[in-house]
Amino acid sequence: MNTIFKEKRFLFVFCLVAWLGVLLQLYLSMETSVTNDKPFTHGLVMYTGYFTVLTNIFVAVLLLLKLTGSHLSWSNDSLRGCATTAILLVGIVYHVVLKDIWEPQGWQWWADVILHYVTPILSLLYWLLFPGNKSFSIMEPVKWIVYPLIYIIYILIRGKVVGLYPYPFLDLSSISIEQFALNSLGILVVYVVIGGALVLIAKWVTKSKIS
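Residues in the sequence shown are numbered consecutively from 10, following the numbering used here.
To be clear, the hints were calculated from the coordinates, so they are not data collected in a lab. A few of these clues could be false.
[As the list claims (entries may be wrong)] The list that follows gives simulated cross-link-like pairs (lysine to aspartate or glutamate, EDC-like), each with its CA atoms no further than 20 Å apart:
#, residue 1, residue 2
1, Lys15, Asp86
2, Lys108, Glu187
3, Lys212, Glu112
4, Lys212, Glu16
5, Lys169, Asp180
6, Lys169, Glu187
[What the hints assert, rightly or not] DEER-style ranges, computed between Cβ atoms:
#, residue 1, residue 2, range
7, Lys169, Thr77, 20 to 26 Å
8, Ile162, Leu73, 22 to 28 Å
9, Gly78, Leu173, 24 to 30 Å
Backbone N, C-alpha and C define an ideal beta-carbon position, used for all residues, glycine too.
All chains should be modelled from the sequences, with the hints used to inform the complete structure.
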């Protein structure tokens, strides 16, 4: 019972932080559009183009569903594994590739930290502290790859329609289709490696708690 109580407290704080990051970034995206004399729809298009934002929304929604008792939530180990892998990919790619190409200021800095660091770290902590029943095979992350694959297809279509690409390494207006494919493959490989590591960690933590 004590463990369940601790998990609920952790989830509550985690959910608040995740939604704070998501909603703060939404507000900032809309504010930027208005400041630049552009419609709200422009801000929404920019907001929904980023894997960072969509993945943080994915995590935040699953957490909220978990707190409200839905089975289609963080309680679903496969969904949780997919979301945790994706949000860790967000943090790693941002820190390694993107953090030095811009300097967020003010509230944007806070949103940046929450979306790229705090939520990924809390996701990993939750995976470590409350592993649940993790009977995944090591090949499970191959199923989870559907999520980033759908995103890659989405930004291809989105880019053709609105002429905007969210990341320089996936920007078909400045790189070749061959480079785009190579970069996409690299992202998917890293995603599977992260997922595989999470599966092994979950098995180890679960085994340690049993013994």
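Status of each hint after checking the structure:
The suggested pairing of Lys15 with Asp86 holds, with an alpha-carbon distance near 19 Å, which does not exceed 20 Å. This hinted pair does not check out: Lys108 and Glu187 have alpha carbons roughly 25 Å apart, beyond 20 Å. Distance check on the hinted pair: Lys212 and Glu112 sit about 39 Å apart at the alpha-carbon level, beyond 20 Å; violated. For the hint linking Lys212 to Glu16, the alpha-carbon distance of about 19 Å falls within 20 Å, and the restraint holds.
As the CA atoms of Lys169 and Asp180 are separated by approximately 11 Å, the hinted pair is consistent with the 20 Å bound. Between the alpha carbons of Lys169 and Glu187 the distance comes to roughly 17 Å, so the proposed pair stays at or under 20 Å and holds. Between Lys169 and Thr77 the beta carbon distance is about 38 Å. The supplied range of 20 to 26 Å is therefore violated. In this structure the hint that Ile162 and Leu73 lie 22 to 28 Å apart at CB holds, the actual value being about 27 Å.
At about 39 Å, the beta-carbon gap between Gly78 and Leu173 misses the expected band of 24 to 30 Å.
Consistency note: the structure conflicts with the earlier hints numbered 2, 3, 7, 9.
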